[in-house]
Amino acid sequence: MADVTNLRSPAEAGLSKLFESSRKAFASESAISREEAFRFFEATGLPSRRVEAFKYTDLRAAITEAAPPAEAPSEDAARAAVAGATGFNEVEAARLTFVNGHLVAALSDLDRIPEGVTVTPLNAALAAGDARLKLLAPVEQVRENPIYQLNTAFLADGALISVAPGAKPQTPVHLRFVGTGEAAFSTATRVLVEIGAGAEFFLLESHEGPSGLTYQPNDALDVRIGAEAAFRHTRLNREGDAAIALSTISVRLDARAQLETVNLVTGAKLSRHQIYLHVAGEDANAVVNGATLLGHGQLADSTLLADHAATGGVGREMFKTVIDGDSTGVFQGKIIVRQVAQQTDGKMKSDCLLLTDDGQMMNKPELEIFADDVACGHGATCGAPDEDLLFYLMARGLPRATAESLLVQAFVGEAVETVTHEGARDALIGGIEAWLAARG
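In terms of numbering that gives the first Met the number 0, the numbers along the sequence shown are unbroken and rise by one, the last being 439.
Possibly wrong hints are sitting among the right ones.
As the list claims (entries may be wrong) - Simulated restraints, written as ranges between beta carbons of each label pair:
no. : residue 1 : residue 2 : range
1   : Phe-25    : Leu-397   : 49 to 59 Å
2   : Ala-130   : Arg-399   : 56 to 66 Å
3   : Ala-436   : Glu-91    : 33 to 43 Å
4   : Arg-48    : Phe-369   : 45 to 55 Å
Unchecked claim - Here are the simulated EDC-like cross-link-like pairs (lysine to aspartate or glutamate), alpha carbons at most 16 Å apart as the crow flies:
no. : residue 1 : residue 2
5   : Lys-167   : Glu-89
6   : Lys-348   : Glu-281
7   : Lys-268   : Asp-325
8   : Lys-346   : Glu-365
9   : Lys-167   : Glu-227
10  : Lys-333   : Glu-367
11  : Lys-363   : Glu-51
12  : Lys-333   : Glu-51
13  : Lys-333   : Glu-365
It is worth saying that the hints were derived from the structure and are not from the lab. All C-beta atoms, glycine included, are put in the ideal place defined by N, C-alpha and C.
Please construct the entire structure, taking both the sequences and the accompanying hints into account.
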């Protein structure tokens with residue numbers, strides 16, 4: 000039998016060269032399995048539509064060149080970039096600022112982190128071989144994901160955040176990611192969050208960058224929520240219109256832990272946000288919502304895996320997508336209920352509002368249930384704005400565009416109104432209003 004050789008694309012070959020040439024610049028090799036991660040990626044390559052999980056988001060076709068890892072910017076360049084960032088500016092928070100994937104201490108609030116919370120720059124943790132690095136990849140399935148492994152291989156910076164047991168800081172921590180530059184670049188950041196038993200923690204994330212610049216951010220967030228602890232997370236994607244933005248959040252929930260994560264996407268030419276949940280303790284509760292508004296040929300992919308491996312877990316997943324122009328939305332969601340996870344209550348839904356005939360939406364919800372005492376369901380819808388409702392609003396004197404905007408706001412508002420923090424919720428609503436205003 001003839002040997003079969005997988006032909007590498009120019010981007011894959013370029014990534015191999017970049018990995019070899021970047022070895023000396025990487026922080027400690029011993030603390031993370033950087034080599035193992037890249038060998039995994041080399042074996043899989045950039046995922047294409049031949050891989051079921053990437054059927055609708057062909058990264059091999061989208062990424063034609065390997066962008067070099069971004070170097071740390073000068074402080075002046077960083078200040079100029081941050082001056083144009085707007086995400087969550089109105090929210091009182093302790094900010095950690097990353098410019099081109101590098102933590103900028105001078106633009107961060109490392110000296111006013113809320114009581115009960117400690118922040119360690121990831122480079123320092125890597126150099127010291129920090130034991131908390133064992134928290135990497137808290138969900139088993141994420142280790143089989145090529146995007147996540149590529150992030151591990153090129154990991155450049157990030158942070159370790161620890162919340163003491165019982166701590167309940169009132170001020171959120173804001174991870175502010177900003178891109179800048181004139182030439183193509185890539186970034187790979189990782190933030191690890193460990194929340195002690197009975198603690199409560201609110202984390203904000205904003206991702207912004209210039210339009211017209213081709214860049215490739217690959218961000219990952221690993222979270223472990225202790226028993227009876229709560230983690231509330233609000234994320235905003237306002238990347239530039241030529242960006243290919245990849246992101247992964249993986250969360251492990253212990254007994255009676257609570258998770259709230261809401262993601263608003265309006266930016267990037269192509270984005271894929273991956274969510275991995277592992278319900279490890281009994282009676283845990285997870286709320287996972289997403290709101291996506293697309294136009295001008297954008298593609299946004301929300302992919303979710305919720306793995307229930309303990310009794311009494313409750314999961315509520317709601318995704319709302321608005322498609323304008325010739326853009327494409329993708330939702331792939333899978334709930335796994337293992338045999339031990341009796342009395343699991345899981346509901347997952349993806350709804351799409353098509354504003355034109357040129358757009359498209361790919362919905363793929365799945366259930367995989369091995370227990371017999373559960374209440375689980377999923378659903379997906381796709382359709383145009385209700386003409387009766389539009390007529391009702393227009394009959395009261397509203398122009399059609401205004402009436403349509405009101406319907407869009409009501410449609411996606413359902414996904415963001417669950418955000419507990421009032422300021423964060425207002426920021427997401429402001430993002431939706433800005434998208435509608437730009438649409439005209």
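Results for each hint:
Separated by about 57 Å at the C-beta atoms, Phe-25 and Leu-397 satisfy the suggested range of 49 to 59 Å. Range check, Ala-130 to Arg-399: about 60 Å between beta-carbon atoms, so the 56 to 66 Å window is met. A hinted range of 33 to 43 Å for the beta carbons of Ala-436 and Glu-91 is inconsistent with their spacing of about 25 Å. Checked against the given bound of 45 to 55 Å, the beta carbons of Arg-48 and Phe-369, roughly 29 Å apart, lie outside it.
Between Lys-167 and Glu-89 the CA atoms are separated by roughly 21 Å; this puts the pair beyond 16 Å, and the hint is violated. Proposed proximity of Lys-348 and Glu-281 is contradicted: the alpha carbons are some 23 Å apart, above 16 Å. Only pairs whose Cα atoms come within 16 Å are accepted, and Lys-268 paired with Asp-325 is accepted, the gap being roughly 12 Å. For the proposed pair Lys-346 and Glu-365, the alpha carbon gap of about 11 Å is at most 16 Å, so the pair holds.
As the CA atoms of Lys-167 and Glu-227 are separated by approximately 12 Å, the hinted pair is consistent with the 16 Å bound. Pair hint Lys-333 plus Glu-367 holds up; C-alpha atoms about 7 Å apart against a cutoff of 16 Å. Taking the CA atoms of Lys-363 and Glu-51, the gap is about 11 Å. The hint holds against a cut of 16 Å. This hinted pair checks out: Lys-333 and Glu-51 have alpha carbons roughly 13 Å apart, not beyond 16 Å.
This hinted pair checks out: Lys-333 and Glu-365 have alpha carbons roughly 5 Å apart, not beyond 16 Å.
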